[in-house]
Every structure is written in C-alpha cells, then in structure tokens.
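*Asks:* Heads up: the sequence lines are chains R and P, in that order. With positions in the first sequence counted from 1, the corresponding number in the numbering used here is that position plus 6. With positions in the second sequence counted from 1, the corresponding number in the numbering used here is that position plus 1.
Keep in mind that the hints were calculated from the coordinates and are not lab data. Each hint should be verified, as a subset may be incorrect.
[Unchecked claim] Simulated restraints on C-beta separations:
id: 1; chain 1: R; residue 1: Glu95; chain 2: P; residue 2: Arg230; range: 27 to 33 Å
id: 2; chain 1: P; residue 1: Asp73; chain 2: R; residue 2: Pro326; range: 24 to 30 Å
id: 3; chain 1: R; residue 1: Gln182; chain 2: P; residue 2: Ile254; range: 46 to 52 Å
id: 4; chain 1: P; residue 1: Arg230; chain 2: R; residue 2: Ile41; range: 15 to 21 Å
id: 5; chain 1: R; residue 1: Gln98; chain 2: P; residue 2: Pro389; range: 54 to 60 Å
id: 6; chain 1: P; residue 1: Trp31; chain 2: R; residue 2: Gln98; range: 22 to 28 Å
These figures come from a predicted structure and were not determined experimentally. Note that the Cβ used here is the ideal one computed from N, Cα and C, for glycine as well.
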Amino acid sequence: MSEPTQGFTAAWRDTALAVLRDKGVLLIMLLAPIIYGFFYPWPYGTQAVTRVPVAVVDQDHSGLSRQIARFAMASPRLDVRMVTSDVHEAQQALWRGEIEGYALLPQDLKRNVLRGTPAVVTIEGNGAYALLNKAVLYGFSEAVGTVSAGVEIRKLQAGGQGAVQAARSRSPLNTQLVPLFNPSEGYGSYVVPAVALLILQQTLLMGAAMLAGTWAEARRLRAGMGAWLGRLGALSGFGVLSGVFYFGWVFFLQDYPRGGNPFGALVLLLFYVPAICVLGLLLGCWFRDRERALQVLLFTALPMAFLSGFSWPVEALPAPLQALRWLFPSTAGIQASLRLNQMGAPLHDVLPYLGALVAMVVAGLLVLWIAATPRKAERV
Amino acid sequence: MSLRGFSTASARREFALLRTRPWDLAMISWVPLLAVFLIWWIFSAGLPERLPIGVLDQDHSALSRQLVRFLDATPGLRVAQQYADEGEMQRALTSGAVDAAVQVPRDLSRDVKQGRVGQIVLLHNAQLGTHSSLIQRDVRTAVATVSAGVELAVRNKRGESMKAARVSMDPVKASMVALFNTSTDYEQFLGAALIPALLHILAMTAGAWAVGRELRDRSLGGWLGAAPRWPEALAALAGKLALPFASLSAVGIAAMLWITAGRGWHPVGSVGWTLFALVVFVALSIALGAFVSSLTRSLRTALSATGFITAPAFAFGGVGFPLVAMPMLAQLWASLLPYTHYIRVQMEQLQMGAPVAYSAATPLWMVVGTAVLLAVSATLLMRAAAAPDTWGGR
C-alpha cells in the first residue's frame, strides 16, 4: 500500500462525507429510522382493544338471560353484533371472522338459579388471538359477575342481612391492580419504546456494514487504529442523532411513557450506539460485499426482539439462549432504555447493561485491530 | 431451445453459481433452518413459569402468610423478594429486579374478621406486556382462592353446609373457555405465527437477491441472452427461482410439521391445507422479491423494499395486536400485505379448527398473485435485458 495510513480526524471527516454522499447508506442510516419511527407504531395507534364483535347465544329466554345480555351490550370491551339461540350460527360467524367469541346462556339458567343449583354460563373466546380473547372473556365475565353478585346480594338480604353488610360478606379479599410505568396499559406504549431501540440497531448495523462492505470492495478497508476510531466516531455521531430523535421526538410526539431519566438515556446512547457501529463495521469486514448486510440482517430483527426480554420473559428462555442473547447490543440496550426512559431508574441500576455494551466495544475494536489494520508486510 | 430447456439451463446455472458462493447458498439453506429452529427454541417452554415478584407484608398475620404461600405455590409466580417498607419495594420495581410486587396492607386480617373487604394491592410493571398480564391473572387467582376459602369458612361457621355455601356464593358462574384452548401456549400461538413471518422475510430476500444479483453483477445477458422473448424470460425466471423455492418450502414444511405433530400437537383443522398455503405463500414471497428487483433494477433498493414490506409484516398481521383495533389506514395497509392473509388461514386451520371451506380461497388467490408477479417480472426483465447501460446499479 503506497497510500499513507489515514489519521483519526481525516477518517472521521471522510466517513461522515461518505455517509452523506452514499445514497444507499444515507437512506438506511438516516432516512429509514425516521420513516420507521412513524410507520412501525402506526398499527398500535388506538392502543387498546375495545368493542370486540361478539354474539350472545341465549337459550334461556328469561329475564335473567336478557339481563346478562344487556350488561354485555353495555360493556366497553364488547360489541354485541348478534343475539341468537343457535350455537352453530355463532360458531360459523366466528370462523367467518364476524365475531371473536360468544357467551352461551343455557336453557334452565334462571330455574337453576332460583332452585339454588349451579348455573353456568359458558364464555367462548377466540383463543387464537390473545388480546381479542382476553377482551371477550373479561367483558362477558364482568357482565355475568355483576348479575351474579346482584342475585347473591338479594339472597343475602332475603336471609336478613343489610345491603351494605351483604355486599361486604361477598369476596372478603379483593385485588387492586396498579399498572406501573405504562398506566393506561396501552399496547403501543409497551411495544414501541422497546422496538425503537431495535430499529435503531438494525438501521445502524446495516448502514455501517454496507459502508464497510463498500470499502472492502474498493480495497480501502484496512486502516490504522486511529482511522478506525475516526470511522467509528463519525458513524456513532449519526447514530446518536437518530437515538435522540427517538428518545426525544418520537416518544414525545406519539405520547409514549418517557422522560424518566433523560440524562441517563443520553448516557445510554453514548454506549449503545458505538457498540452497534463497531459490530456493523465488523460485519462489513466479514461480508466484504455492499449489499450482503441487507440480505443477511433483514430477518434478524424478529428473533432479536423476542430474545431481548421485553415481550417474552427471559425466565422462559432455554439456558443457552439466556447467555447467547447478550451478543446483540439490542438486549442490553432495550433493557437499559426501558429502565431509564420509561421506568425512571437511576443510572446505577443499569450499570451492568452499560458494562455489557462497553465490553462489546472493546472486543470489537480488538478484532478490528487484529483483522483489519495494515499488515506488517504492507507497511514496509 | 425449448422452453423447458430454458428453465433447466437457468436452474443449472443458478445451482453452479450457488456452489461457488457459500453465502448465497447459506441464505436459502442452513440459515433459514437455523432461524426457524431458533424461533421454535425461544418459545419451546410454551408458558413462562416462575416470574419473579416481590412481597411487602405489612400485616404479618396467618392470613397474609397463607396468601404469600399461595402466591409462591402458583406455577407462574416466584416470590423472589420480601420488603421491609414501601421505599424498598418501589426501588425493586423501578430497577426491574422484580416484574411486580404484592402489597398486603396493615390490618388486613382484622378488616376481614370484622366483615370488611380487605384490599390486596398488586403493583405490576405494565411496560412488560406479557409478564404483567400473566402475573395479573395468577395473583388474582391466588387471592380469589384464599378469599373463597375465608368466605366458605365464615358461611360454614354460620351453619351453611359446604355445598350450599359454594352454590350460593356464586349463583351464576362464568366458565371461561378460550375456544380451541391454545391461547395459553405461546409455542403454538407465537412460535407457529413467527415461523412463517420469518420465512416471508427470507423468501422475499431470496427472490430479490437471485434476480437483483444478476443486475448488479451485470450478468443479465449471460443469464437471459441478449434479446429474450417473453416466454423464454419467464421460463428462465422460473428455473432460477426453483431452487430457493424448493429449499425454503422444505424448511417451512419441516418446521411446521415439527411444531405440530413433532411436538404432540394435533390441530383440529387441516395441517395439509396449511402446509399447502405455506408453500404458496413462500412462492408468492419469492416472486414478490424477484418483482421488486426487476422493477428497480437495483439489488440494494430491492432489498430495502423487501425490508419495508416484510419486516413489519408481523406487527401488521393482527397476531399480537388485532386488526379490528388498528386505525383504518393501517388496516388498509395490513390488508395489502400477504402475511396478513396467510396467517389468517393458518389461524383458522391450526388454532380455530375451521372447516377447510373457510380457508379455501386465500391460497388460491395467492397462486394467481404469484403467476401475475412472475409474468410481470418476465416483461420487466425483457426490457432490462435490452438496456445493458442500466445494469450494475448499486
């Protein structure tokens, strides 16, 4: 190599210019995060599952069964589309996707209640879809529970208890649910703040690997450690910008729980982004092909999301995966970001995650030093 | 040369190329196999157990100790920490050391003895959706069990018989059946839905790569000849895509057979029709990839488009967050995505046990879609072959 090895500053400037001039890298590193920042949260805009279409199968035709149906109609979770006495009709509507569940009020429901024998309302929800199922089951069981409580209290009163006392002697223990950090329990508020970190990682990884692959094709890959640090610095600069855009603008604009510890979140970016960029550069060195990064990395977001521990509990992962998942920056990044941005934890609670990211940067630089600095023979 | 000759020659050429390019071969063989295995492995436990919760017992009574024992005995929960005060509990929740905490207030057992309702407080981390909904369900059940025990004992003391007390406590019972009873098993619910989502990404990538690479490497002439006729271009395209199609279909079939029969799950619906739908869905995805490469004449742009269409397909597919709850325009976009339609068929057959008639139309439409995409791609490739100066876009 006749070209002298580039220094830190020159490499920084050249890399920054390369990102801005390379249409492909620019699109994936700077434009894609903005587009995905609005596109990905789009389906979750409404946050909650309400007014799920259901049917009431009334085979009792009594005052009691009609009362349960009325309570179901009043439930904000349910939208009673059909009242029928034919189970098969409800079943077919379910297969056609017109309803997502139904309550079966059997014959003799009222008679059994009056006699004091067990009376059972069967609630069938579409178990194939967890959230719909939950809305159907809870919506109907609240309706049935309210009617049932009314009957019980009337019976207790008939037995000589006062109304207040009767209400109390039912279910002596109650559970009061307090949702923390995502008080409305919105679906988007749960998914998007975590996936934002994954989008950040995937776009940066692809951009950095694409750039390094392009250098490899042009035989401009090998460089001294100063130049590698410059390249890393420039890429990280763009990455931190995207990160601030997400933490600040996207979370704010879409009104996600945020701002627990903004200083901590900024510190996290300073660790998270370089870890991704160094990994991206390494992948580019390995692929030695401009487009390969897209081909290989596109599918990886899916398994990484479920390994990061925000939606699928880590406790349920097989032991080898519990260890392997730390190889992706997203695992530490998502865990730390949720704690800092959404849960408002102090910085020292996320130190282990920052440590994992630092280890990734150090290990990555070491590999770059071994594999991608000029060989001694070339220096001569 | 006959048209079949064009197909065979194209397939042979692709096979020879794949043998010299380990990455290209990997991306349609062992990488997809490993990826679907990984997805299955992640969810292989089926249902998370022993999620860590903390307890703040301010009552220190027999009742509160009984409740804590019940919580710890619930398979889904593990009482990992006990706190001395609210500050300690708050810190554990904020740092994520536990996913939830149960607070048993002072005077709980006194309240209950005096006939007042005792409130147990469950503080759960709603930022972790799956964790918190599983914990809510389990804690509610444990509290309700203890509560029913107390009520039963009280009524018994008053002279009601156990049986009479049971019926009069809940005159109308709600028996909740998650139809098809699969919603609690995440291996069948999420694992089975994610495998096709993953294959969708890999298949469209494979289609885009196979065609786009010829354009990038300026080898379109070597593949199609200088001026291919339309049937020749179509035959060559079919031959080229046959290998990734066969390989990815085999991976898909193996994965779905493993997650059903291999794991002792025998769905009520038709596994055969689901597999047919999956194979057609893979074909459609590959054809879609070939189409975007032929259209853009740039491998990179085609791969970016692949990412845009396939990567968020799962989020728009209605499996996690239902379609009916999405904003109108998002529903419209979702209805344009092939994954949305495929996964409905799979849900109907594997989960809901619907008769095949309900799921018959979608795969057949996908066959038509695949044919149209291939036909249009052949036209676009004919045009591209005639314009060598547009090759080599990066």
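*Asks:* Hints first: check each against the structure and report whether it holds.
*Replies:* Checked hints:
| no. | hint | in the structure |
| --- | --- | --- |
| 1 | Glu95(R) with Arg230(P): 27 to 33 Å | 55 Å, violated |
| 2 | Asp73(P) with Pro326(R): 24 to 30 Å | 28 Å, holds |
| 3 | Gln182(R) with Ile254(P): 46 to 52 Å | 50 Å, holds |
| 4 | Arg230(P) with Ile41(R): 15 to 21 Å | 40 Å, violated |
| 5 | Gln98(R) with Pro389(P): 54 to 60 Å | 58 Å, holds |
| 6 | Trp31(P) with Gln98(R): 22 to 28 Å | 44 Å, violated |
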